[in-house]
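Residue numbering for the sequence shown is 1 to 319, as defined by the UniProt record's numbering.
These are calculated hints, taken from the structure and not from any lab test. Warning: the hint list may mix true and false statements.
Calculated pairs, SDA-like style, for lysine to any residue (alpha carbon to alpha carbon, straight line, at most 20 Å) [stated by the list, open to error]:
hint, residue 1, residue 2
1, K315, R66
2, K74, K21
3, K21, G208
4, K315, T102
5, K256, D279
6, K157, R192
7, K261, R217
8, K45, H11
9, K315, P7
10, K161, L207
11, K74, T63
12, K157, T63
13, K259, L292
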Amino acid sequence: MDKLPSPLFPHRHLLGIDGLKADEISALLDLAEGYVEQNRADDKKRTVLRGRTIINLFFENSTRTRTSFELAGKRLGADVINMSVDGTSIKKGETLIDTAMTLNAMHLDALVVRHHESGAVHLLADKMNCAVINAGDGAHEHPTQALLDALTIRRRKGSLKGLTVAICGDILHSRVARSNIALLNIMGARVRVVAPRTLLPAQIERLGVEVFHDMARGLADVDIIMMLRLQMERMNGNFLPSLREYFHFYGLDQAKLAKAKPDALIMHPGPINRGVEIDSAVADDIDRSLILGQVEMGVAVRMACLDLLLRTDEKRNDA
């Protein structure tokens, strides 16, 4: 994976899927394909980012995503430091801009940020001299999740173009849904969202999706079913009558799955709530569930993102 795509990736940061072009997404996925094979080999380490420093700055807990980014950086030979909000001066009153200026003084090469507020990552990127990667900001975007989902689908279906994908569940609070809707539309897929009215943002149709409130209709003849986690921690109010009723109408079980195409595949960004969003028999179906495959693709995609952003920046500086 010593060769970068040509032409070089034109973006300094990866803050969202919005703004990327189809050929740029394909270039990222192609690079990630090589890292999938590397990660399955006995020798998983490369040195393409030797001497580079990456900080994972997480204002929200996420063991899965942070570990994935940490593995990605270390397998490329970079020095990786994890910082949580509990260990920063934010707790002592420091502003986000103060944090950016402090980190800038340490001359890092990439900052991976997760923040509970939409737009916080953009604010940091405006003030940082290094590449910034959005690891999830509020209900706005989670671009590497959409990219790893795309790689997972492409490896099983060959292409995203022409597929019908149903994204089901808590669309209202989901940055995963927004990034996936943007990416799937860019790559030529047809996107449906399936959810109760209380879990859909206003004017969701403007994002280029078909809206369904009935699972049977929404899943009819789809190729891919993306289930979403219910984000109870973001719900201030009564969005659901009960979890039992939610599963009855919107949880994925064998009966609802039967409405999709016979070879339809199942995805979930995790962590899954068994018996709430998805039945265990469906989640663990080795022929149709891609949930663990998504985790594997996550490391490869994040390696590709770090590699592309850091080495492209290096080449620009050398030019």
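Hints versus structure:
{"no.": "1", "hint": "K315 with R66", "result": "27 Å, violated"}
{"no.": "2", "hint": "K74 with K21", "result": "28 Å, violated"}
{"no.": "3", "hint": "K21 with G208", "result": "16 Å, holds"}
{"no.": "4", "hint": "K315 with T102", "result": "26 Å, violated"}
{"no.": "5", "hint": "K256 with D279", "result": "11 Å, holds"}
{"no.": "6", "hint": "K157 with R192", "result": "18 Å, holds"}
{"no.": "7", "hint": "K261 with R217", "result": "13 Å, holds"}
{"no.": "8", "hint": "K45 with H11", "result": "26 Å, violated"}
{"no.": "9", "hint": "K315 with P7", "result": "12 Å, holds"}
{"no.": "10", "hint": "K161 with L207", "result": "17 Å, holds"}
{"no.": "11", "hint": "K74 with T63", "result": "16 Å, holds"}
{"no.": "12", "hint": "K157 with T63", "result": "29 Å, violated"}
{"no.": "13", "hint": "K259 with L292", "result": "23 Å, violated"}
Consistency with the previously given hints fails for numbers 1, 2, 4, 8, 12 and 13, ordered from lowest to highest.
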